[in-house]
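Enquirer: Each chain, letter by letter, is given below.
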Amino acid sequence: MLTSKASLVQIKGIRDGLLITFGEGEWSELVSYLLNQIERDRGFFKGARVALDVGNHILHPAELGALRNSFSEFGITLWAVISNSPTTERTAQDFGLATRLSPVKTERTIRETDTHMLGEPAILVQRTLRSGYRVEYPGHVVVIGDVNPGAEIVASGSIVVWGKLRGVVHAGAEGDEDAVVCALEMIPTQLRISGVVSVSLRRQGKPVPEIARIESGQVIVEPWVYKEGGK
Amino acid sequence: MSATTITITSGKGGVGKTTTTANLAVALALSGCKVVCIDGDIGLRNLDVVLGLENRIVYDLVDAVEGRCRLRQAMIRDKRVPELYLIPAAQTRDKSAVSPSDMVRLVDELREEVDYILIDSPAGIERGFRNAIAPADQVIVVTNPEVSAVRDADRIIGLVEAEEKGPARLIINRLNPSMIKRGDMLTSEDVLELLAVQLIGVVPEDEAVIISTNKGYPVALDGKSRAGQAFHRIAQRLRGKEVPMESFSEKEDFFSKISRIWRSGGE
Numbered sequence: 001m002l003t004s005k006a007s008l009v010q011i012k013g014i015r016d017g018l019l020i021t022f023g024e025g026e027w028s029e030l031v032s033y034l035l036n037q038i039e040r041d042r043g044f045f046k047g048a049r050v051a052l053d054v055g056n057h058i059l060h061p062a063e064l065g066a067l068r069n070s071f072s073e074f075g076i077t078l079w080a081v082i083s084n085s086p087t088t089e090r091t092a093q094d095f096g097l098a099t100r101l102s103p104v105k106t107e108r109t110i111r112e113t114d115t116h117m118l119g120e121p122a123i124l125v126q127r128t129l130r131s132g133y134r135v136e137y138p139g140h141v142v143v144i145g146d147v148n149p150g151a152e153i154v155a156s157g158s159i160v161v162w163g164k165l166r167g168v169v170h171a172g173a174e175g176d177e178d179a180v181v182c183a184l185e186m187i188p189t190q191l192r193i194s195g196v197v198s199v200s201l202r203r204q205g206k207p208v209p210e211i212a213r214i215e216s217g218q219v220i221v222e223p224w225v226y227k228e229g230g231k
Numbered sequence: 001m002s003a004t005t006i007t008i009t010s011g012k013g014g015v016g017k018t019t020t021t022a023n024l025a026v027a028l029a030l031s032g033c034k035v036v037c038i039d040g041d042i043g044l045r046n047l048d049v050v051l052g053l054e055n056r057i058v059y060d061l062v063d064a065v066e067g068r069c070r071l072r073q074a075m076i077r078d079k080r081v082p083e084l085y086l087i088p089a090a091q092t093r094d095k096s097a098v099s100p101s102d103m104v105r106l107v108d109e110l111r112e113e114v115d116y117i118l119i120d121s122p123a124g125i126e127r128g129f130r131n132a133i134a135p136a137d138q139v140i141v142v143t144n145p146e147v148s149a150v151r152d153a154d155r156i157i158g159l160v161e162a163e164e165k166g167p168a169r170l171i172i173n174r175l176n177p178s179m180i181k182r183g184d185m186l187t188s189e190d191v192l193e194l195l196a197v198q199l200i201g202v203v204p205e206d207e208a209v210i211i212s213t214n215k216g217y218p219v220a221l222d223g224k225s226r227a228g229q230a231f232h233r234i235a236q237r238l239r240g241k242e243v244p245m246e247s248f249s250e251k252e253d254f255f256s257k258i259s260r261i262w263r264s265g266g267e
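Chains as they are written, first to last, in the numbering used here: chain A, 1 to 231; chain B, 1 to 267.
Chain B extracted, bound-state conformation (with noise of 0.2 angstroms):
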């Protein structure tokens, strides 16, 4: 067993990486694969809060890194799912407690154990970002349709390609389909002729994730929200399963209706 390690990162704070991160590892593990989740935001730690694993805590990634127990000792299972388990940030100390050869020689002694590694990236482009990226085998890269978002996104996926572990796959996340249909809002469309990679999935804005969240209850554990679905199609997509591409976006004003039905009808 050689695991596949995943860097989930945005650039931009606030767009979703960790609700990405724990949704993809928990849609990962109900399918029957071994995952373990890192969280790489050192001194502002999340993942344990949304996986709702936080007064389970002990040991975290930086007394792991640093020797104070074993990598096993730093790893929480999370019951409600066959075989996932977290690796916790440190709450007390900063990205420089951890270097990037750190992070790859901690991802390669887990290698050999599970399935899928998932690192969630801390915003921003520097230490804790570099830490994220170094051992990974792939990049995703989380943006919302809004301006700002892309902008960062683009400029994250210039440096993942500098790093040399691109290209990354994108996840355009809290898509509003029906400020959409109003023309209020980007495109995936409008997105990727921006981005030029890869689209790996979209994930509808969905008042279910904030709840969720706030409960430390993954969407996805449950599968009936429509964003729980969607983390479910992307995890399937990562397996190298074919899952049609799911569209929030069509434009479909009364000409281009009107124009279809005459086509249709004039076949």
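Just chain A, with the same shape it has in the complex (with noise of 0.2 angstroms):
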């Protein structure tokens, strides 16, 4: 557990991985001081999952975003921000990050695991992106509408379009080799998996849907055809 003289910013270990509580003072001087003690101990927080507890801090888009950006260059993920304020909730929500800490799971609860799926942090972004949008986010990104030309999507783990694919894609881009990218209508401009890249060809007849994953190496994309009892 680090702690700090002051009790600015407090980290200790929680079920679900580190947990960040701020205290009072100037937003930027404590995440200074908390990057600062990240930079120390790299080592230690290097593959993070992180939870926030902003307390009363009001945090805006811009904050958190840069915050969540500084987290990704040391390999923590942040999920979740706890906060005091609506506002400051409604903003993590945005950022597809959980506003509240999964409750301790008792006996049943785990059973319970085995029926129910166990979440990964995602977001979700419901609008077609034009060209010169970029969403990066240390998770999976699901889009609902088109991807432009001149789009870029960046995400460590993978990829869903529902609409037409056409800008850049790259899905496990922190050396994730599973993960995929799917599109109701697939041609984008470039296609990038974990470090593989494919470009696609320009098909003809009626387009459907499609899922691309990485098989020996290469980029393949197939039809994607549902199959009892998933893939």
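Be aware that a few hints might be false.
[To be verified] On the chain B side, residues computed to face chain A include the following (Cβ under 7 angstroms):
(1) Arg151
(2) Asp154
(3) Arg155
(4) Gly158
If you are wondering where the hints come from, they were derived from the structure by calculation, not from laboratory data. All values derive from a computational prediction rather than experimental measurement. Ideal placement from N, C-alpha and C gives every residue a C-beta, glycine not left out.
Build the complex: two chains, separate frames, hints provided.
Expert: Structural data, given as structure tokens:
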């Protein structure tokens, strides 16, 4: 457990990863203090899943976005923001972050996980991404709408586009080779999964939903067909 | 009287923003509206040339903003039409001479006096573009049926949405029907499929436009050319009239012709 002298920022381990609690004070100072801590203990924080308890601080989207970006540079995944302010909670939800820690699991709830999928961080983008837009997220990205040429999505997980995918997408951006990209119409300018790049071919005929994944070091794209019992 | 302010923009240069602004202004003025058009392209002004008013400029937009003249003095009246005025851009300054709030102030001063204020935006997405859309009530994006122009239009439409000036409406300019028949040009359907915005008009490619631009005599003035007529129809739509959309892009190959004849005969 790492605690600062003045208890400005407390970091402790919880069941879901790390919980960072912010005390009173200037937000920018608290953040730079925290980032210094992380810088010093890079190894400890790398790959961590982090929840923030920001107390009474009111976070603007820009501040939250900046912090999340700094975290991802250290390989830290931000998954939740707990706040006393409804505005901040809404901001966090806009970023696709949780605003509650999951309740402590009892024997019974552990049994439940056998039948219930555990969630993974994902963001839902409910609009068409036009040229010049960029979505970057340390998790999965789901778009309801088109991704036009000139738009970009970078996700550490998978990317699902419920619409036409014509822009640039990079799934598994932090090296996850199991990440997939699916779209109702798959005509990306460029498609990358992990470190593998592919460019789509011009196709004829009626478009069908497709899924792209890595198979033996290459990106393969197949029509999406429902199979009994999953893939 | 409270004017509707319409900004004409495109992202890419050379697609016909200035020609569109000039011709819509003329068409609206000929239909009885009082129109002011403002050249937002400070440092690279063109609208005065296209309208043939170049030699009458005394004061310009920057003079009015910086208080060297009254706004009325910067308004040049086009004598060929009842109520059409131009506020020209300064040629010897650049975009930073005017701020978005200057533009809002200037347009607010005009609102009570006219029916339509048309603003010709410069190409690009920087200061000049922001100046031009700041006072807009409506935004018209002009594009050509070319991949690069459509790509820039998409970006601009996104920026217009982000500025909460949307939804922008679209004019497809310089459509070449014979190239479309040969399958060598994007059709308006292709363009709309990507941009997903409301189409307000299609202007066919027309040599008359180039000739008229060089003469400073907008095609909409006589209304005989195909492009001139297209601009008149767009002006009617701006005024809220229902005018059927022209179709230049019927791609009728042998098979669809046969099937059409067969279908109509079979019913």
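Enquirer: Now, for every hint given, state plainly whether the structure supports it.
Expert: Taking the hints in turn, this is what the structure says about them:
1. Hint on Arg151 (chain B) holds. Least Cβ distance to chain A is approximately 6 angstroms, under the 7 angstroms limit.
2. Hint status for Asp154 (chain B) relative to chain A: holds, with the closest Cβ pair at about 4 angstroms, below 7 angstroms.
3. Interface hint status for Arg155 (chain B): upheld, as the beta-carbon distance to the closest one in chain A is roughly 4 angstroms, under 7 angstroms.
4. A cut of 7 angstroms between beta carbons decides the hint on Gly158 (chain B): the least distance to chain A is about 3 angstroms, and the hint holds.
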